[in-house]
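Using the numbering used here, the letters of the sequence shown map in sequence onto residues 70 to 177.
These are calculated hints, taken from the structure and not from any lab test.
Hints may contain errors.
Estimated spans, in silico, between C-beta atoms of each pair [claimed, not checked]:
| # | residue 1 | residue 2 | range |
| --- | --- | --- | --- |
| 1 | D82 | N152 | 33 to 41 Å |
| 2 | D77 | S104 | 21 to 29 Å |
| 3 | A163 | G136 | 40 to 48 Å |
| 4 | S139 | M98 | 47 to 55 Å |
| 5 | T72 | V143 | 17 to 25 Å |
| 6 | Q135 | Q79 | 21 to 29 Å |
| 7 | S139 | D77 | 49 to 57 Å |
| 8 | S146 | D77 | 43 to 51 Å |
| 9 | T140 | V113 | 18 to 26 Å |
| 10 | P121 | S146 | 26 to 34 Å |
| 11 | E71 | M98 | 17 to 25 Å |
| 12 | T140 | I168 | 47 to 55 Å |
| 13 | T86 | Q151 | 42 to 50 Å |
Using N, Cα and C, we set each Cβ at its ideal position, and we do this for glycine too.
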Amino acid sequence: METWRLADPQYIDFTPTRVEEAIIKFRRMQEQGLSSWKYPEAFVECAKALGPEEMGKFEEWLVCPQGPPSTDCVDVSVFSTQNEETHKQLVAEAGKLQIIDEDEKTQE
Numbered sequence: 070m071e072t073w074r075l076a077d078p079q080y081i082d083f084t085p086t087r088v089e090e091a092i093i094k095f096r097r098m099q100e101q102g103l104s105s106w107k108y109p110e111a112f113v114e115c116a117k118a119l120g121p122e123e124m125g126k127f128e129e130w131l132v133c134p135q136g137p138p139s140t141d142c143v144d145v146s147v148f149s150t151q152n153e154e155t156h157k158q159l160v161a162e163a164g165k166l167q168i169i170d171e172d173e174k175t176q177e
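Given these sequences and hints, build the entire structure.
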């Protein structure tokens, strides 16, 4: 690839071989109006020539573009415990409800 062409911020007619180039190409495709429902195909297009190590970096970027979270983040397992307790409570309440098994389509 002629690297001088990358100076054009709208140039996307290249095949990335490094993770930096793949990210640049994807972001440029977004800027040119790439629909979100076409993201999977765009990811494949951007990563098709990446080696295993570069592919791993690209996958890591896809999952967490801002990098790994800092150590002072909230532990999400707290939310899982709270959600489980709420779920159990709702299931118990639903079990107490009277279920009406009537269907207006059946003739009596």
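Verification of the supplied hints:
The hint said 33 to 41 Å for the Cβ distance between D82 and N152, and at roughly 47 Å that hint is violated. For the pair D77 and S104, the beta carbons lie near 23 Å from each other, so the given range of 21 to 29 Å is met. Evaluation of the 40 to 48 Å hint for A163 and G136 yields a pass: the beta carbon distance comes to about 42 Å. Range check, S139 to M98: about 30 Å between beta-carbon atoms, so the 47 to 55 Å window is missed.
Between T72 and V143, the C-beta spacing of about 42 Å breaks the proposed range 17 to 25 Å. Checked against the hint of 21 to 29 Å, the pair Q135 and Q79 passes, with Cβ atoms roughly 25 Å apart. Range check, S139 to D77: Cβ separation about 36 Å, and the 49 to 57 Å hint is violated. As the Cβ distance of S146 to D77 is approximately 47 Å, the hint placing it in 43 to 51 Å holds.
Against the hinted window of 18 to 26 Å, the Cβ-Cβ separation of T140 and V113 comes to about 34 Å, which falls outside the hint. Between P121 and S146 the Cβ separation comes to about 32 Å, which falls inside the hinted range of 26 to 34 Å. Separation of E71 from M98 is about 19 Å and conforms to the stated range, judged on CB atoms against 17 to 25 Å. For the pair T140 and I168, the beta carbons lie near 49 Å from each other, so the given range of 47 to 55 Å is met.
In this structure, T86 and Q151 meet the distance hint of 42 to 50 Å, their C-beta atoms being roughly 46 Å apart.
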